[in-house]
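To convert, count from 1 in the sequence shown and add 923; that's the working numbering.
Heads up, a few of these hints could be off.
Calculated lysine to any residue pairs in the SDA-like style (CA-CA distance at most 20 Å, straight line) [said to hold, decoys possible]: (1) K973 x A961; (2) K955 x A971; (3) K970 x R954; (4) K976 x R957; (5) K966 x K976; (6) K973 x A962; (7) K969 x R958; (8) K970 x V959; (9) K955 x K966; (10) K973 x R957.
No lab work stands behind these hints: they were computed from the structure. Given the structure is predicted, the values throughout are model-derived calculations rather than measurements.
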Amino acid sequence: MKQQISAQQALAFNVPSARVDGGPTGMPGTRKMRRVLAAIERKERKKARKASKRGAK
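Whenever a hint applies, use it, and build me the whole structure from the sequences.
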C-alpha cells in the first residue's frame, strides 16, 4: 500500500523529470526514477513518523 501511494505521488510531483527519463513506463533512465521514488518514500515515512508522534490517525 505504501509503495502504491509513493508511486502515485512520484507521478504527481516528478512528471517533468520522469518524462526526461523516458517516463515512468519507459525503460531508459529507470535508475533515476528509482532514486526519486526512494527519496519520496523516505519523506513519506518521515511524515508518518511525525504524525504518529503527534497522535494523528
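Outcome of the hint check:
As the CA atoms of K973 and A961 are separated by approximately 19 Å, the hinted pair is consistent with the 20 Å bound. In summary, the hint linking K955 to A971 is not supported, as the alpha carbons are separated by about 24 Å, beyond the 20 Å threshold. A C-alpha spacing of about 25 Å is found between K970 and R954, which places the hinted pair above 20 Å, so the restraint is violated. Our distance criterion of 20 Å between C-alpha atoms is broken by K976 and R957, whose separation comes to about 29 Å.
The hinted pair formed by K966 and K976 meets the criterion: a straight-line CA distance of about 15 Å does not exceed 20 Å. Of the supplied pair hints, the one linking K973 and A962 holds, its CA atoms being roughly 17 Å apart against a limit of 20 Å. Taking the CA atoms of K969 and R958, the gap is about 17 Å. The hint holds against a cut of 20 Å. Restraint check: the Cα-Cα separation between K970 and V959 comes to about 17 Å, which is no more than 20 Å; the hinted pair holds.
Our distance criterion of 20 Å between C-alpha atoms is met by K955 and K966, whose separation comes to about 17 Å. Distance check on the hinted pair: K973 and R957 sit about 24 Å apart at the alpha-carbon level, beyond 20 Å; violated.
Taken one by one, the earlier hints fail for this structure at numbers 2, 3, 4 and 10, listed in ascending order.
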